[in-house]
Every structure is written in structure tokens, then in C-alpha cells.
Amino acid sequence: MENSRLSNNATAFGISLVVASIANALLVAAKEKSPKVLAFMKGLTGHHWITHCTFIILLFLVLGWLLSRANGGEGIRMSSGSLNITVVAGVTLSALIIVGFYLIVG
Amino acid sequence: MGGVYWIENTPPLNPMKEILLMTHVMLGVLSILASLWVFVDALNASEGNLERIRLLSRFVPMVMTAGFLVAGYWYVNLYPADKAIILKGPWPFAHDFFMETKEHLVLMLLLLAAYLPIVASANLALNHDARRLTLWVSALIVLMGLLMEGEGGVISMGVRMGLLTH
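Chains A and B are the protein sequences, given in the same order. First residue of the first sequence? That's 72 in the working numbering, and the numbers climb one at a time after it. First residue of the second sequence? That's 23 in the working numbering, and the numbers climb one at a time after it.
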């Protein structure tokens, strides 16, 4: 019977997915509420959305890579159950933040 | 009266714009269907379908990325004209809420799609933890993908409503 433990990359990029999702939601609020942040993001690539996407995608890739090499290459120790809940809850929460922001504040 | 646009100072009809728009929709539908297939196969994971699960789980992010790039080009370069029509029409919420949420939720969809092959690469027939996570991730892709399709429909209707009322 195969060890049911999730792979190093599955754990690392799962955590990275959650962090990037929450960062995505928070960045939405930041740029919508702060003209300076929006202007800065526009200035970097010519369009705020391109800057936004580039940052979040890079965050996901780089953080996932770093986490997979944590603890001397052994990665992050996290139970599969906890990771599962974290991924689902993190993605759902991030989506609710974005929807809630535009419903209430936007 | 030529073309479809009746509002002053709008650009003439551009078929490439509509082709790009529909291409991103089709790629989105393809990735939803592929993810649904991964879900069903993972639910019934066995040695016989592991290779198909792995192939499909890699297909999902490829198609999703292609759709994302096409949509991104369309959004940055071609959407402003539609946005102006929506905001002048009776359905400004089609942009103010539906497009604004869509352009940011779709990023999470892309990340989920990128994560799917990482999780699905395990032996899902024996590794129940990986199988459970694969089911959740593929299900989230399907649900969020359908949400994106629905939002896109409202946005398109917003353009139509804006055109019909002028």
C-alpha cells in the first residue's frame, strides 16, 4: 500500500495557492481603495491588471518553489486533511472577499 | 446605418474581436469539461485510468492558460469600447460588479488549474489523500469555471442592453 502522505510539491504549492489567493483578494482591495497603488501598478506594466496578474502568478510559483525546499529539502510537514481544508477554505474565503468587496464597497 | 454600433464615436465592427472573445469562452468550456473528467476519473481511480488522469490534469492548465492569455489580450486592448457601452447603458453592474469580480476571480482559477497536475500526479488508486485533494481541486475548477462563464454571459448582455437602448 502506497504511503498516503502528499508529495512535497503538493503540500508546498497547496500552501502557496492559498497565500496567493488571499494576496489576490487583498491586492484588489488595496488598488481599488488607493489611487496611488493603482497608479503604481499601472506605471509598472502599462495596465494595472497585467501587473496584478504578474505579481500573483510569480508569488504562487516562487513561494511554492521555496516551500518545497524548506527544512533541508524535506518541505513543509502538514497533514493531508489540514491541507485539504486549508486549500478549500482559502480559495473560498478569497473569492468571498473579492465578491464581498465589490458588492459592499465597490 | 453601417455596423452594429449605434453610439457616436464607437469603433467600427471588428470581427477579430468577436473571434477572440468566443475563443476564450470555448477554451474555458474545454478546461471545465476536462476538469470534470478528472473529477469523475479520480472518483473511480484505478490502475487503468491513472495515465488518463495525469494527461487530463496537465491538459487543464494548458487550455486554461491559453484562454487566460486570449482573454487578457481582449480585456486590455478590446474591452474598453464594450465597457463604455455597458456603463452608458441600463446595466452598469455588468461591468462594475460582474467584470470587476471576474477579472480577479479568474486568477484563482488559473492557479487552481496549475495546481491540479501537481496533486493528480500521485497514484490516486492507492493514495487516498491525494485522491481526495484532486477531487476537491477539480471540483473547484469546475464550479469556478461555470461561475466565470455565467459572469461572462451577464457582461455580454450588458453590452447588448447598452446597444439596444440607444
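In short, the hints are calculated from the structure, not lab data. One should not assume that every hint holds.
Not the full set, but computed from the structure, chain A residues with beta-carbon under 7 Å of chain B [what the hints assert, rightly or not]:
(1) His118
(2) Thr122
(3) Phe126
(4) Ile147
(5) Ser151
(6) Ser153
With a straight-line cut-off of 27 Å between C-alpha atoms, the simulated DSS-like cross-links for lysine-lysine are [as the list claims (entries may be wrong)]:
(7) A:Lys113 - B:Lys110
(8) B:Lys110 - B:Lys39
(9) B:Lys105 - B:Lys39
(10) A:Lys113 - B:Lys39
(11) B:Lys39 - A:Lys104
(12) A:Lys113 - B:Lys105
(13) B:Lys39 - A:Lys107
(14) A:Lys104 - B:Lys105
C-beta atoms are modelled at their ideal positions from N, C-alpha and C, and glycine is treated no differently.
Inset, instruction - Please write out, lowest number first, the hints stated earlier that are contradicted by the structure. - result: Violated: hints 2, 3, 4, 6, 11, 13.
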